[in-house]
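**Student:** Here's the letter readout for the chains.
Protein chains: 2
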Amino acid sequence: MKRKINIGLIGFGNIGSAFAAYLISRKNFLKQKTGIIFELRGIVEKDVKKVPQPYRHLLFPSVEKLISTPDIDVIVELIGGIQPACKYILGALENGKHIITANKALLAEKGDEIFQLAKRKNLYLGYEAAVAGGIPIIKDISQSLISSQIESMLGIVNGTSNYILTLMETDEISMAEAIKIAQKRGYAERNPSLDIDGIDSAHKLAILIRLGFGYSPEFTKIFKEGIRCISHLDIKYALELGYRIKLLAIAKKNGRRIEARVHPTLLPVEHVLASVRGVYNAVYLKADLVGEMLFYGRGAGKNPTTSALVSDLVELARFYNNDNRVFLGYYMNPRIEGLVDIDEISSRYYIRFMAVDKPGVLARISGILGKYNISIASVTQKERRKAKAVPIVMMTHEAKESNMKKALSEIKKLDVITATPVSIRVEE
Amino acid sequence: MKRKINIGLIGFGNIGSAFAAYLISRKNFLKQKTGIIFELRGIVEKDVKKVPQPYRHLLFPSVEKLISTPDIDVIVELIGGIQPACKYILGALENGKHIITANKALLAEKGDEIFQLAKRKNLYLGYEAAVAGGIPIIKDISQSLISSQIESMLGIVNGTSNYILTLMETDEISMAEAIKIAQKRGYAERNPSLDIDGIDSAHKLAILIRLGFGYSPEFTKIFKEGIRCISHLDIKYALELGYRIKLLAIAKKNGRRIEARVHPTLLPVEHVLASVRGVYNAVYLKADLVGEMLFYGRGAGKNPTTSALVSDLVELARFYNNDNRVFLGYYMNPRIEGLVDIDEISSRYYIRFMAVDKPGVLARISGILGKYNISIASVTQKERRKAKAVPIVMMTHEAKESNMKKALSEIKKLDVITATPVSIRVEE
Numbered sequence: 005m006k007r008k009i010n011i012g013l014i015g016f017g018n019i020g021s022a023f024a025a026y027l028i029s030r031k032n033f034l035k036q037k038t039g040i041i042f043e044l045r046g047i048v049e050k051d052v053k054k055v056p057q058p059y060r061h062l063l064f065p066s067v068e069k070l071i072s073t074p075d076i077d078v079i080v081e082l083i084g085g086i087q088p089a090c091k092y093i094l095g096a097l098e099n100g101k102h103i104i105t106a107n108k109a110l111l112a113e114k115g116d117e118i119f120q121l122a123k124r125k126n127l128y129l130g131y132e133a134a135v136a137g138g139i140p141i142i143k144d145i146s147q148s149l150i151s152s153q154i155e156s157m158l159g160i161v162n163g164t165s166n167y168i169l170t171l172m173e174t175d176e177i178s179m180a181e182a183i184k185i186a187q188k189r190g191y192a193e194r195n196p197s198l199d200i201d202g203i204d205s206a207h208k209l210a211i212l213i214r215l216g217f218g219y220s221p222e223f224t225k226i227f228k229e230g231i232r233c234i235s236h237l238d239i240k241y242a243l244e245l246g247y248r249i250k251l252l253a254i255a256k257k258n259g260r261r262i263e264a265r266v267h268p269t270l271l272p273v274e275h276v277l278a279s280v281r282g283v284y285n286a287v288y289l290k291a292d293l294v295g296e297m298l299f300y301g302r303g304a305g306k307n308p309t310t311s312a313l314v315s316d317l318v319e320l321a322r323f324y325n326n327d328n329r330v331f332l333g334y335y336m337n338p339r340i341e342g343l344v345d346i347d348e349i350s351s352r353y354y355i356r357f358m359a360v361d362k363p364g365v366l367a368r369i370s371g372i373l374g375k376y377n378i379s380i381a382s383v384t385q386k387e388r389r390k391a392k393a394v395p396i397v398m399m400t401h402e403a404k405e406s407n408m409k410k411a412l413s414e415i416k417k418l419d420v421i422t423a424t425p426v427s428i429r430v431e432e
Numbered sequence: 005m006k007r008k009i010n011i012g013l014i015g016f017g018n019i020g021s022a023f024a025a026y027l028i029s030r031k032n033f034l035k036q037k038t039g040i041i042f043e044l045r046g047i048v049e050k051d052v053k054k055v056p057q058p059y060r061h062l063l064f065p066s067v068e069k070l071i072s073t074p075d076i077d078v079i080v081e082l083i084g085g086i087q088p089a090c091k092y093i094l095g096a097l098e099n100g101k102h103i104i105t106a107n108k109a110l111l112a113e114k115g116d117e118i119f120q121l122a123k124r125k126n127l128y129l130g131y132e133a134a135v136a137g138g139i140p141i142i143k144d145i146s147q148s149l150i151s152s153q154i155e156s157m158l159g160i161v162n163g164t165s166n167y168i169l170t171l172m173e174t175d176e177i178s179m180a181e182a183i184k185i186a187q188k189r190g191y192a193e194r195n196p197s198l199d200i201d202g203i204d205s206a207h208k209l210a211i212l213i214r215l216g217f218g219y220s221p222e223f224t225k226i227f228k229e230g231i232r233c234i235s236h237l238d239i240k241y242a243l244e245l246g247y248r249i250k251l252l253a254i255a256k257k258n259g260r261r262i263e264a265r266v267h268p269t270l271l272p273v274e275h276v277l278a279s280v281r282g283v284y285n286a287v288y289l290k291a292d293l294v295g296e297m298l299f300y301g302r303g304a305g306k307n308p309t310t311s312a313l314v315s316d317l318v319e320l321a322r323f324y325n326n327d328n329r330v331f332l333g334y335y336m337n338p339r340i341e342g343l344v345d346i347d348e349i350s351s352r353y354y355i356r357f358m359a360v361d362k363p364g365v366l367a368r369i370s371g372i373l374g375k376y377n378i379s380i381a382s383v384t385q386k387e388r389r390k391a392k393a394v395p396i397v398m399m400t401h402e403a404k405e406s407n408m409k410k411a412l413s414e415i416k417k418l419d420v421i422t423a424t425p426v427s428i429r430v431e432e
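Chains as they are written, first to last, in my numbering: chain A, 5 to 432; chain B, 5 to 432.
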């Protein structure tokens with residue numbers, strides 16, 4: 005009868021220290037609820053000054069020491085990044101330690117090796133904290149929705165981008181101003197590229213695709229388009245048309261292949277995802293048995309992340325002594341053949357042209373669109389006094405991405421067009 | 005090594021037959037994902053004609069036979085109602101069978117005996133299907149949010165009521181008309197009382213309170229007010245004020261006691277719950293670590309319910325052979341002292357009076373409200389040509405329920421008041 009789980013922690017930063025403090029202050033609370041003692045048994049932190057007195061006696065000199073200590077059951081990795089985290093986790097698995105990690109980049113880019121080793125060793129790999137913070141989307145998909153076949157997932161999984169887009173709408177400010185405010189409030193890094201260029205969202209998408217579709221996508225093949233191209237003008241025009249612009253991580257089953265793409269997207273304001281504001285995250289999915297679902301909550305922060313880490317600890321405790329561990333989330337669907345190239349997808353589009361206000365402009369634009377089989381659902385030409393160029397905003401019917409690219413590149417060359425056309429995909 | 009779970013099913017109605025069909029058609033799918041064979045081993049259905057040929061060989065003559073068959077591991081109870089379901093479940097537990105049930109009325113009204121026996125016998129009691137259908141709210145609260153202390157829960161947990169209220173708003177029709185349409189579409193029973201009088205919502209609330217607060221409320225003490233009093237007029241006026249009316253199941257920690265109430269509620273249209281339309285369900289909660297969360301999906305129907313039942317089966321399989329089963333959701337918080345009486349709660353209120361259009365009416369109404377310490381946040385008096393009475397709509401600041409009752413009963417007696425005043429509580 006094992007009623008105690010000994011934990012080795014790698015990384016004592018913002019998240020690691022909050023997690024450690026929780027384990028100590030709420031030890032009794034967790035014991036009352038589960039019957040298990042969760043004991044913080046060791047810490048490795050390369051910057052020892054970060055570790056205050058009450059935790060000093062738990063310090064280990066190296067990861068090697070920590071993962072070779074026999075009475076440590078599980079390693080919680082919270083240093084992030086690909087290396088040395090990958091080496092540490094593989095080493096810990098080799099030594100028979102269960103793993104809990106919040107490392108989305110690692111699982112998205114080098115997940116296969118880690119998942120396969122954990123499976124071979126019959127060890128637990130918990131990563132609830134890697135996607136959407138406090139939202140239990142990993143357990144929801146792997147356990148609660150196990151009976152369903154997922155058809156599509158749309159996620160707002162990067163709080164920074166969502167905060168910036170929300171601020172641009174509510175305060176009617178530019179992207180640059182919104183980024184500055186987000187940085188001041190601690191919601192954006194000094195170099196915000198990972199967040200606003202869609203890379204972080206794509207990391208989470210890769211993990212969701214593995215779990216939801218049983219397919220391990222090559223990370224570099226996931227289409228990524230960030231929010232830098234979004235202007236306040238487009239946010240305003242989209243709203244006038246009844247849409248809100250969100251950075252979405254999108255995965256859809258398309259025959260035997262998967263569409264996997266991160267890009268700004270127009271969503272109808274009535275869509276449940278459109279009301280996700282500020283730093284909140286949400287995952288919307290469709291599956292055959294359950295239909296439409298939405299999971300909404302805080303996608304980052306030390307407390308929501310601690311909640312996710314503890315839920316993994318409890319899951320581990322529940323089958324720790326089982327002679328017959330049932331792991332979920334390892335199922336790979338052999339019938340999935342690969343990802344769909346972005347040029348092959350079809351979508352509705354919002355497009356905005358800046359054009360000289362002259363007779364015949366609209367005819368020339370729509371002529372080119374027609375040539376590429378792109379049919380226009382609505383057009384608005386905005387009046388602008390004294391402006392050299394006027395915005396022409398169009399919503400198209402469903403069109404092929406490759407056709408749209410060709411049409412836009414041709415339209416861009418027209419002498420009446422004064423700026424690179426803006427195009428944003430639409431989800432209904 | 006046990007790699008097979010044998011299932012005994014009681015009840016072969018709409019849900020039972022869909023669940024049975026799923027187990028048979030998706031046996032391989034589940035085996036691929038879990039490594040476990042889930043085998044439908046026996047069925048009890050009092051109306052044998054309901055059971056078609058391919059299932060006939062599984063029929064057992066009685067529940068007694070089913071629950072005393074040694075190789076049946078788990079009983080899935082889908083007949084609903086208090087008796088004989090209660091007797092069957094207690095008998096099955098006594099015989100060492102794990103239980104999965106969708107029976108919200110039973111767990112809400114007689115839960116203690118069942119939970120305690122399951123715990124004493126070290127047996128699983130799964131009831132994901134009892135609350136909010138396909139939304140995995142039971143596992144989310146008991147497992148994924150185990151580290152958090154829940155502060156409040158607001159649920160739209162009755163799809164019928166939500167469908168009726170949505171229809172009254174979108175189609176601008178009366179309650180009676182909306183009920184008729186709901187009945188025609190199969191969303192409401194011929195006698196819709198259980199749904200529209202808030203009893204079904206209160207059943208689910210009782211279960212959520214046990215799980216979320218570790219307190220087993222006496223069912224009769226949960227305050228229940230249904231939607232019969234809601235007119236299209238109030239839906240319209242509320243919308244004009246920026247609110248939508250929803251039937252909410254509300255639980256809030258209030259010191260050492262719990263507020264537990266089901267009633268129509270004004271929610272700001274920007275609230276994430278306000279956009280839950282039609283037959284959809286959602287549970288919104290606040291907890292110390294994770295902050296605000298929302299779980300949204302289909303609350304009823306054979307497929308979402310099957311999803312919930314299967315997720316319980318998989319949970320059971322995961323610790324079936326564990327020598328040290330860790331059960332979640334049994335924790336009772338000894339510090340909770342009871343429920344808060346409805347008269348003691350404080351709330352903002354929407355109130356509507358129908359009054360004769362004469363000078364001094366507003367002064368008399370507001371005088372009485374003032375006497376009971378009820379402060380008015382806004383007033384709108386609607387003009388109505390040729391009408392004998394005009395509606396006066398007020399939003400109050402926070403007021404005590406007992407004071408509101410007294411004030412309304414006094415105002416009702418005024419000779420200028422032509423109908424019983426309408427009052428609806430507000431959540432922000």
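Check the hints yourself; a few may be wrong.
Any copy will do: because identical chains look the same in the list, a pair fits if it lies in one copy or spans two.
[Stated by the list, open to error] Simulated pairs of lysine-lysine, DSSO-like, Cα-Cα distance not exceeding 27 angstroms:
hint	residue 1	residue 2
1	K240	K125
2	K404	K54
3	K257	K35
4	K31	K257
5	K53	K225
6	K256	K390
7	K123	K8
8	K306	K54
9	K256	K125
10	K188	K409
11	K37	K114
12	K290	K240
13	K31	K123
14	K8	K125
15	K256	K35
16	K410	K125
17	K409	K392
18	K31	K410
19	K50	K256
20	K416	K114
21	K31	K256
22	K417	K50
23	K184	K31
In case anyone wonders, no lab produced these hints; they're calculated from the structure.
Only a predicted model underlies this, so the values are computations on that prediction, with no experimental measurement involved.
**Student:** In ascending order, which of the hints set out earlier in this document are inconsistent with the structure?
**Tutor:** Of the numbered hints given earlier, those the structure breaks are 1, 2, 5, 6, 9, 10, 12, 16, 18, 19, 20, 22 and 23, listed in rising order.
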